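There are 4 protein chains.
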Amino acid sequence: MFDVTRYAVAADAIVEAGRFLYQRGWSPATSSNYSARIDERHIAITVSGRHKGRLGAGDVMVVDLAGRPVQSQCRSSAETRLHTVLYELFPEVGAVLHTHSVKATVLSCLLPPGQPLTLEGYELQKAFVGVDTHEGRVQVPVFDNSQDIDALAEQTRAWFRAHPEQPGYLIRGHGLYTWGRTMDDCLRHVEAFEFLFECELETMRVRP
Amino acid sequence: MFDVTRYAVAADAIVEAGRFLYQRGWSPATSSNYSARIDERHIAITVSGRHKGRLGAGDVMVVDLAGRPVQSQCRSSAETRLHTVLYELFPEVGAVLHTHSVKATVLSCLLPPGQPLTLEGYELQKAFVGVDTHEGRVQVPVFDNSQDIDALAEQTRAWFRAHPEQPGYLIRGHGLYTWGRTMDDCLRHVEAFEFLFECELETMRVRP
Amino acid sequence: MFDVTRYAVAADAIVEAGRFLYQRGWSPATSSNYSARIDERHIAITVSGRHKGRLGAGDVMVVDLAGRPVQSQCRSSAETRLHTVLYELFPEVGAVLHTHSVKATVLSCLLPPGQPLTLEGYELQKAFVGVDTHEGRVQVPVFDNSQDIDALAEQTRAWFRAHPEQPGYLIRGHGLYTWGRTMDDCLRHVEAFEFLFECELETMRVRP
Amino acid sequence: MFDVTRYAVAADAIVEAGRFLYQRGWSPATSSNYSARIDERHIAITVSGRHKGRLGAGDVMVVDLAGRPVQSQCRSSAETRLHTVLYELFPEVGAVLHTHSVKATVLSCLLPPGQPLTLEGYELQKAFVGVDTHEGRVQVPVFDNSQDIDALAEQTRAWFRAHPEQPGYLIRGHGLYTWGRTMDDCLRHVEAFEFLFECELETMRVRP
Chain Z
1 MFDVTRYAVA ADAIVEAGRF LYQRGWSPAT SSNYSARIDE RHIAITVSGR HKGRLGAGDV
61 MVVDLAGRPV QSQCRSSAET RLHTVLYELF PEVGAVLHTH SVKATVLSCL LPPGQPLTLE
121 GYELQKAFVG VDTHEGRVQV PVFDNSQDID ALAEQTRAWF RAHPEQPGYL IRGHGLYTWG
181 RTMDDCLRHV EAFEFLFECE LETMRVRP
Chain V
209 MFDVTRYAVA ADAIVEAGRF LYQRGWSPAT SSNYSARIDE RHIAITVSGR HKGRLGAGDV
269 MVVDLAGRPV QSQCRSSAET RLHTVLYELF PEVGAVLHTH SVKATVLSCL LPPGQPLTLE
329 GYELQKAFVG VDTHEGRVQV PVFDNSQDID ALAEQTRAWF RAHPEQPGYL IRGHGLYTWG
389 RTMDDCLRHV EAFEFLFECE LETMRVRP
Chain H
417 MFDVTRYAVA ADAIVEAGRF LYQRGWSPAT SSNYSARIDE RHIAITVSGR HKGRLGAGDV
477 MVVDLAGRPV QSQCRSSAET RLHTVLYELF PEVGAVLHTH SVKATVLSCL LPPGQPLTLE
537 GYELQKAFVG VDTHEGRVQV PVFDNSQDID ALAEQTRAWF RAHPEQPGYL IRGHGLYTWG
597 RTMDDCLRHV EAFEFLFECE LETMRVRP
Chain C
625 MFDVTRYAVA ADAIVEAGRF LYQRGWSPAT SSNYSARIDE RHIAITVSGR HKGRLGAGDV
685 MVVDLAGRPV QSQCRSSAET RLHTVLYELF PEVGAVLHTH SVKATVLSCL LPPGQPLTLE
745 GYELQKAFVG VDTHEGRVQV PVFDNSQDID ALAEQTRAWF RAHPEQPGYL IRGHGLYTWG
805 RTMDDCLRHV EAFEFLFECE LETMRVRP
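Residue numbers (this note's numbering), protein chains in the order written: chain Z, 1 to 208; chain V, 209 to 416; chain H, 417 to 624; chain C, 625 to 832.
Think of the hints as simulated: they come from the structure by calculation, not from any bench. Careful: at least some of the hints might be erroneous.
Take a look, some chain H residues computed to stay more than 12 angstroms from chain C by CB distance [said to hold, decoys possible]: (1) A473; (2) G552; (3) P580.
Listed next, with one range per pair, are the computed distances between beta-carbon atoms [as the list claims (entries may be wrong)]: (4) H:Q439 <-> Z:V9: 32 to 38 angstroms; (5) V:A366 <-> Z:G49: 32 to 38 angstroms; (6) H:P507 <-> V:A366: 48 to 54 angstroms; (7) V:T341 <-> Z:Q71: 51 to 57 angstroms; (8) C:G745 <-> H:V545: 30 to 36 angstroms; (9) C:A681 <-> V:R283: 56 to 62 angstroms; (10) V:A366 <-> H:P529: 44 to 50 angstroms; (11) Z:D12 <-> V:R262: 32 to 38 angstroms.
Quantities reported herein were computed from a predicted structural model and do not represent experimental measurements. Glycine is no exception: its CB is placed at the ideal position from the N, C-alpha and C atoms.
Produce the complete structure using the sequences and hints provided.
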């Protein structure tokens, strides 16, 4: 059982996030899924296939950390396990956002297989929690896209157990996953990643 | 004779679609035309030459499937037959949108004559009705632009009779046609196509 | 003497145009100037140096066709003569818009000196008054920028006397001039030019 | 002691500037900082780490020209000294804006070390105070990014003491600093710089 008021607060944060992310063009065509923690065992998460710029009361459901619906007949995203793995791994995480931008898609396809995206020398790296200088490196692993979500979930669990300080990952041709203590932290991470992806692509255009 | 309430509902969906598509920059300078099915023999369609971001009550008329005005003195788009062919061919289609974006225009001109645009490996392909994996291929034929709309209409009829599962086509230097069961499906297709066109162009910029 | 109501209508069209053009990014940083015809001998025109997205009652003045202020202590743009030449040359012209976009600026600098921009094969050419096929050519002359506005005005007069069917011109590193019978026609021309400039640049990026 | 009404007016200008700059994408992810002069010895400045699109009453504090908080427990930006140096150097300066755009970031990284950005031949250079022709040159020095703000502050002081007519500077991989007599002048400078940065990058894409 979960606290209904905490569910309502989490759902509200998700609805607001959707308006912002859709308007920025990062969640087009009913893509993307978002979640927020209710308690140690429950998360609120978007129902599969909804328009992210027009989320409403009926578009956010509850699942447990195994990804099973709780008190709901709806179906959550096929990628629910990619969310729950992060809540399991990082007890302090309060929100996870998965977005689909053109920049994330293209950049993830341009990188050679097996090579992470390395972000370095950008002042904006300081937008990530725990980073207080532009002199470090942010490593963004790029996992191959797969419809086998359980396998992908285990890959991400293994990678982030080994690199808990890194703030997100890409799935090739697909999109970004990032997280934070609060929804505001998580949205700031999305903004920072999108900014840095655009910087990387803009640079590649001039120096391919 | 057609049901006037169904006309009004169709016209309203068209007006709303226009606001969205114009605001996104996909229907500039009075270009584009949109339609929605009223019944088996009638469609609502935009009057020729109107500003798509400011459509109002007088900007949507009725035509039959031969493209003839019904209970109207207005003139529909010169491209009306490109719409009606699709309603004839696919009885389940409820809406057709024709848009003019920079990306669709440029991409259609960059492709070698006779070669379709092939979209492959993008998660966002799942936004198209009937697609549930990124592993398939979406084929987008590119027809040469022509002011002989009847001839162009027959070309599209022949191609889509042979490829009914494909969700849209381009006219070179001109724009996109796509369709769906409902206006929402159709708008999702436009968004998905524009996203994928931008991905393709963005990739070409780095790897010409 | 001019009709005050006609002035007010012209000024209102200019204020509205400014909101649109500024919001699109085509009149940044107090650049640009706009005018609308009041009668055969008077035009309403923006006062020099005003913020184009926030034009108000005091930001539109009257000048005669020689560019002299009428019933006003304000100073109109240094480029006023580039407007009045067009009203002299084309009695049917009701509005002239001069905008400063990134695309117009860059494209005008990339073209070899003495060479016009040729727009060809684009369906959107039909947005220009008098064009009803994509098969023609729109020629856009590019004049060198100059602070000697009288000389520049005479260059444009000579060119458009010889090519009255062409809808606009560029000044290198500076911006676009276009016109129309009504402000709506003129705004449609700006939209069409900006679309086509973007198409040209987008193509050059892939095929330099 | 400072006049509280003057503080309130300065704070209001900063809040409004933030809404504009965030909406344009030039202050993402809680980056950037803004200030406005209260009197010869005090400036209003944003509190560190706030969301620039949602600044409110509690997000603007007062510091003296040595950068020390006045009547406040808050912490101003680590870069406060980069603001105060400019107020010390130029008694007529009333506002300083520091923004983080993709264009400024990428362009500053693409320029060879030690080389300023030279802007030349653009009509929009006239948007800078004191420039009345496109024929001059705007020089924008690019300082290496550093977490040693005092050292950076002294570098900027030395450079602008020698070049007081230049309107701004870049920090590599970081962003833009510009200033003006009023907040409106300063915002016009940001718009002009962003326009010109985009022109430069757009040109490099075609002619790398």
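Starting from the range 32 to 38 angstroms, see whether the pair A366 (chain V) and G49 (chain Z) falls in it by beta-carbon distance.
holds, 33 angstroms
Are all C-beta atoms of chain C more than 12 angstroms from that of P580 (chain H)?
Correct as stated: the minimum Cβ-Cβ distance to chain C is 26 angstroms, above 12 angstroms.
Against the range 30 to 36 angstroms, how does the distance between the Cβ atoms of G745 (chain C) and V545 (chain H) compare: consistent or not?
holds, 32 angstroms
Within 51 to 57 angstroms: is that where the Cβ-Cβ distance between T341 (chain V) and Q71 (chain Z) falls?
violated, 31 angstroms
Indicate whether the distance between the beta carbons of Q439 (chain H) and V9 (chain Z) respects the range 32 to 38 angstroms.
Given a distance of about 35 angstroms, which is inside 32 to 38 angstroms, the answer is holds.
56 to 62 angstroms as the expected CB spacing between R283 (chain V) and A681 (chain C), which holds or is violated
Between A681 (chain C) and R283 (chain V), where Cβ atoms are some 57 angstroms apart, the hint holds.
Minimum Cβ distance from G552 (chain H) to chain C greater than 12 angstroms, as the annotation requires:
Label holds. Min Cβ-Cβ 26 angstroms, cutoff 12 angstroms.
Separation of A473 (chain H) from chain C, once the least beta-carbon distance is taken, above 12 angstroms:
holds, 19 angstroms
Given a hint of 32 to 38 angstroms, does the C-beta separation of D12 (chain Z) and R262 (chain V) actually sit inside it?
holds, 34 angstroms
P507 (chain H) versus A366 (chain V) beta-carbon gap, inside 48 to 54 angstroms or not
Holds, at about 50 angstroms.
Indicate whether the distance between the beta carbons of A366 (chain V) and P529 (chain H) respects the range 44 to 50 angstroms.
Holds: the Cβ-Cβ distance is about 48 angstroms, inside 44 to 50 angstroms.
Going down the numbered hints, you'll see the structure goes against just number 7.
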